[in-house]
Amino acid sequence: MTGKRTMAAALAAGLLAGTAGAANAQSSIKVGVLLPFSGVFGGLGKDQAAALEMGFDDLGREVGGRTIELVKADTESKPAAGLAQVKKLILRDKVDVVVGIISSAVAGAVRDYVHGSKTPLIITNAGNDALTGEKCSPWIVRTSFSNSQINRDMGPWMAGEGYKKAFLMAFDYAAGHQMMDAFKAGFTGAGGVIAGEAYPPLGETKDFGPYLAKAKAADPDVVYVFFAGGPAIKFTKEWAAFGMKDEVQLAGAGWLNSALYVKKQGADAVGTLGALNYYPSIDTPENQAFQAKFREKHGRDASEFGVAAYDTVRLIVDALKATGGKTDDKAALVKAMHDVQFTGPRGPFRIDPQTNNVIQNIYVARIEEMGDSVGAVIKHTFPNVQDPPNGCTL
Amino acid sequence: MPGRDPLHLPAAAALVVAAGAAWYGGDFFLHEVLAEIAIFAIFAMSLDLLVGYAGLVSLGHAAFFAAGAYATASFTVFLGWPAPAATVAAVGCAAALAAVAGVFAIRVGGVFFIMITLALGQMVYAYFFKAREFGADDGMAGIPRPDLAALGLDAAEPHVFSALTLIAAVAVWVLLLVVVRSPFGAMLVAIHRNESRVRALGCPVQRYKLAAFVLAGAIGGFAGSLIAQHTGFVSPDLGFWTVSGEVLIMVIVGGMGSLVGAALGAAVLVLLRHELSDGAFWEAIGLSADLASYWQFVMGLFFIAVVLLAGDGLYGRLASIARRGRRLRRRGA
Amino acid sequence: MLLEPGFLIVQTLNGLQLSMLLFLLSIGLSVVFGMMNFINLAHGTLYMVGAYLALSTVRWFDSFWVALALAPLGVALIGALFYAVLLRHMQRQSPMRQVLVTFGLIFVGFDAVRMVWGVLPHTIPVPETLAGRVYVLGEVYPAYRLFIIAIGLAVLAALYAGLERTRLGAVVRAGVDDRTMVAALGIDVERAFFLVFCLGCWLAGLAGVVSAPVFSIFPGMDMSILILTLIVVVVGGPGSLKGAVIGSLVIGMVDTYGQVVAPEFARVTIYALMAAVLLVRPHGLFPVRRTH
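If you're matching them up, the sequences are chains A, B and C in order.
Going by this note's numbering, the first sequence opens with residue 1, and the numbers climb by one from there.
Going by this note's numbering, the second sequence opens with residue 1, and the numbers climb by one from there.
Going by this note's numbering, the third sequence opens with residue 1, and the numbers climb by one from there.
What the hints contain is simulated information worked out from the structure, not anything from laboratory work.
Here the structure is a predicted model, which means the values were calculated and not measured.
Hints are not guaranteed to be accurate.
Some but not every residue of chain C turned toward chain A, in silico, with C-beta under 7 Å [said to hold, decoys possible]:
#	residue
1	Thr12
2	Gln91
3	Val119
4	Pro121
5	Thr129
6	Arg133
7	Leu137
8	Val155
9	Phe215
10	Phe265
11	Arg267
Here chain A is said to cover these stretches of chain B; the calculated rule only asks that three of the stretch's residues, wherever they fall, bring their Cβ under 8 Å from a Cβ of chain A [unchecked claim]:
#	segment
12	90-100
13	139-146
14	202-208
Using N, Cα and C, we set each Cβ at its ideal position, and we do this for glycine too.
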């Protein structure tokens, strides 16, 4: 029996050899990168990972004599996998800080665990309001945006521009509702009327045709939407194909024409209004220098996803410089992040100590023809947009 | 089938010993993986009762997984029940759902049963995705684990919780072994092999199928309750059809109609998935860590290889090797 | 709003267009299943590959029409290859092995597409001749969508004629009814099955190509369409052309109207419909009467 047990133990040990990796040298600062490299958001994950690497190349991989080491983990865009990976990063790789997370579902899944483990997590995309609202944590900082931060000021602005009747459309899930609710509150507050709303099921909508017919029947001045990625491309295309482009103004959260795919959308996207925290055409020296460097490296414009990741690197490196490269006192590290302020590609950047959400400019842009291509032209800036606490008490 | 299969007990013992050894020598993360394996082993064994014994191929088993998980979340978070009481209630909820759905589902057979169970799973998924009272697509967090302070243990520790789930997996295996070796189990297999003959003998076939469906659903709900406690979080994804698909794959890869095979399939797939999606694994075998993002490709090839090299699943292959070995030995003697 | 004639016209056309896409996808799957009891879960993957091949062809030749001619052939070729290497040996094996192999192909196909074409969504332009809009009973409608409907109807007519008039059609019809009998008559069922399988792949590829200018092309586009196709097959009743046609129409229309009439239940309408149909008719609407 003993022999068999030893054999079984050896077998099990062999099977699990990769899983039980050894701890690395103590001297390096470990940054866990928690992004989807596969699954539906795989493209965004790779975009952010590339920008993170570029950030560390630019800003240095050494602080206070300690090298910064990145440990990547794939969330597969799935909550359960994301949770398993964050546990791996914290328990096995013993990372000092975790950055990443594209999907709010993944963020929701890891939130309690990260909070309990007192490991600083810097969210580089997931926009669920609750993460820096009622479910905020002293350990969770967000450098990207909150869903309502993007859309809140757009309501009154559109009403001020003379649009009186809006039709709202977004996928039927938390982010879709939060974005639409934020717009609706501002728009109706400024005298606008909601002519109708449609919330197609997420992940099962093959065709926007039925919803466009519904929107058209409601006869609005503006259709305000939130779609991103593949659905955004599809929506824009069908919008034009059904002739809506010539009849109704299309507007929405700016991911509808993200820099990642606006050139593919081409003429169909021209005339659309969007609100977003970053557009490649922002006319500042910081942004131009950043875009030039990014284009040289990747042969395309950096997107809002890349910028969020790039600014995150600056936040980490600056905070680490303030603590002299020390990471033992995690509370001091987060405190140092609160004190970081800089002007990055998207404009002034700082973290709100009240909610741990970023305070940033929100830009209104119109998609226009640019030479033989199309791009976003900035029409208006809402400076230093800050979220109300929304039930967050830090 | 285990009743006549001389390999079943040794294989089960080997699996338990391997799990025990891994638990004994493992670190935090390995304990997390072990708990996941144990939970999916329970889930897969419950599905094997349906697929491997009763011949009812379900593509909606995640409905009960999700129901058990959400029931556990609701009883603990909303009503403040302790985790063990919530688990009992969750098993009851899953069984009730299985009873109601089963009455309809077992009326159709073959590919139609696959599709009607798929519909069931998707409806459960859609319900939780929209139900604001259960957090809609955000899910629910803050699900506690059992309070073991009386024993001087803390279930929040991965080594304690993984031990609990491993014990639970062994208990479920024993329970299902008793079931499949009972006259009830024999009747399920008989219905599977020749339904019309069993029916002609005057046996209430539908009642047997329903009983199997409810029992499988209840145990699936038990697995769901454990996964809720394991992750402390539930989301509608738990009921999505790909989860049903994954657990079905575990059963097929491991080997249908042998409870140990299902457990083995769960262990192999959970481990493979963790390894293949880990850049460190690819570096360890001398390749680029970037390959980790193509883990599905390798996984797909693995499925195909299993069918080509071990048509009846890994356990079926082991069993046939063992049989051949015995024959050779007998011939030698 | 729901009773406005304009809304009804546009919505019915939308429903018809989805129905025709589903028909292209489900007919191959249905006949293969009816003939050989073979479940090809990778059918959606073929659809996705068709769309991607169209993308590459359009990039090379700058013509949608070349893509329409070539990409489905490419998909049929891939299907034939898989049949020869893998699936031929699977036919007489248990359905669960077929499920596992074709599920494996889904995984492989998904990542293969990501490796070749990347993860970002793509789109191809609508061909210029069909880029405009037309008036249907006074309502504006994209011309290209009418083209999809026309393709579906043309395929339907061709298949109907083929099944009724050709020798292969006769073998297929007989093979669905009673395969052993046909084989006993000395007819090469194997070969007929191979041809039908390839035709099914070609149609899946065709569906991928014609839907590419309307829908965006991305890894994972195969999954939701696969489920919908399977639903069409079982609702209509596997193995029959009539079943695939009626199943596609019912599912396409209910899905299209359900989304706007009862948006709260958009996610479950189709599943509820399928469950209801199966409870009333456990073998689908038009089951093939089997003689064995």
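Numbered hints the structure breaks, given as an ascending list
1, 2, 5, 7, 8, 10, 12, 14
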